[in-house]
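Note that the protein sequences, when read in sequence, are chains A, B and C.
Going by my numbering, the first residue of the first sequence is number 12, and it counts up by one from there.
Going by my numbering, the first residue of the second sequence is number 12, and it counts up by one from there.
Going by my numbering, the first residue of the third sequence is number 12, and it counts up by one from there.
Where hints are given, some of them may not hold.
For chains that are exact copies, the list does not tell them apart, and a pair is met inside one copy or across any two.
Straight-line Cα separation of at most 20 Å, SDA-like style, residue types lysine to any residue; simulated pairs [unchecked claim]:
1. K139 to A81
2. K121 to M109
3. K121 to A81
4. K139 to M109
5. K139 to R128
6. K121 to S136
7. K139 to G82
8. K121 to R93
If you are wondering where the hints come from, they were derived from the structure by calculation, not from laboratory data.
Quick caveat: nothing in here was measured; it's all calculated off a predicted structure.
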Amino acid sequence: MPIYECLTVSGTLSQDVRDRLARIITDVHAEETNAPADLIHVVFPELPRGHAYTAGSSSAPILIRGQVRAGRAPEVRNAILRRINDACRELLPEIHPMRILIAVIDVPAKWAMEAGRILPEPVESEEKEWFEDLNRRMAPIAQA
Amino acid sequence: MPIYECLTVSGTLSQDVRDRLARIITDVHAEETNAPADLIHVVFPELPRGHAYTAGSSSAPILIRGQVRAGRAPEVRNAILRRINDACRELLPEIHPMRILIAVIDVPAKWAMEAGRILPEPVESEEKEWFEDLNRRMAPIAQA
Amino acid sequence: MPIYECLTVSGTLSQDVRDRLARIITDVHAEETNAPADLIHVVFPELPRGHAYTAGSSSAPILIRGQVRAGRAPEVRNAILRRINDACRELLPEIHPMRILIAVIDVPAKWAMEAGRILPEPVESEEKEWFEDLNRRMAPIAQA
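Please build the complete structure, drawing on both the sequences and the hints.
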């Protein structure tokens, strides 16, 4: 965690825009929460053309849903929402602002497991030991 | 918000059924909650054939998940669930009723941003100003 | 319910691995919660190649998200997380353990409808009547 899912209709985002949006979302989340970038996933599922509707008619919205550990301050979430929205506006000026919906949804840390461990609460005391343990046990991961 | 995701195995829903289901879900949500239709998204992600299992065997269920602002009365959710279920039964009589699963999941309004604004709570006092502001700022959106 | 979504980049899982993982997740959930297998859905949505990023770079993680009725003991969730993680490690030894993220997310029973009925709380008193009713009303379902 976190996972950010950016759902669009096929053809809405170019490879370059995906690359840049993934980088921006990763940086925003890492900067606002101090999470290690190596735990931040951004994925781009695609809907077949014609499989999205708004107001009952065919549409092509940008629907971004993050799932993050619960327990952050509201200001952290607001900053993440604001900065991702700004990035979408800049990268995708042709998309109407009302077609950009972003949600950052809390998931209790205890509900998730990564690298075979239940996640720590997002407080320094729990994270410190967890990250140290990860570093001890994990070899560097080749990107693939 | 809301977003309704209707997940099926590719080939389960025809274009006509998607069109009709999108329209029905939009109308049901708008009627039961008084939300403006223009904020209601319905999407139809598809699983490749053979990528869904029930009881460990290949299956073709209808899995509908709505994410809506938290704070509605239970009767509102029940009516939405009931009416979407009834629509699926009517549009898809060949699907066994036990293969139709619908969930309407609360998301706190403050966790989401649309059109660059944090969503209002689903109460008239907050929504009135928000909708007026949207109307002021937004030009009509061409469906695309 | 439950639904387990196993999200990967296309090409990560073979048909055989999907078959086995679906069976294992179904067995684990049924054994740990006493839910009837016939209500357990496991689905494998796929991302196009190049549509997943970790730390801002292209990656191929295993992202598993279960949605289950709220109200289980923490030990039940922990056992589910542990056993699914172990299965992924065994079936997919080439995936780095830090690229396996599993979350089991609570959904209040009252938020969902299956077979046309609001789900019962996960306690015997409510489930008994519900399952008996299902058995009365439902003909056996041919897997399809």
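Hints, verified against the model:
1. K139 to A81: within (17 Å within a copy, 30 Å between copies)
2. K121 to M109: between (35 Å within a copy, 17 Å between copies)
3. K121 to A81: both (10 Å within a copy, 14 Å between copies)
4. K139 to M109: between (40 Å within a copy, 17 Å between copies)
5. K139 to R128: within (14 Å within a copy, 35 Å between copies)
6. K121 to S136: Result: close within a single copy only, 15 Å intra versus 28 Å inter.
7. K139 to G82: Within one copy, since 16 Å is at most 20 Å while 30 Å is not.
8. K121 to R93: between (27 Å within a copy, 12 Å between copies)
The structure is consistent with each of the numbered hints, conforming to all of them.
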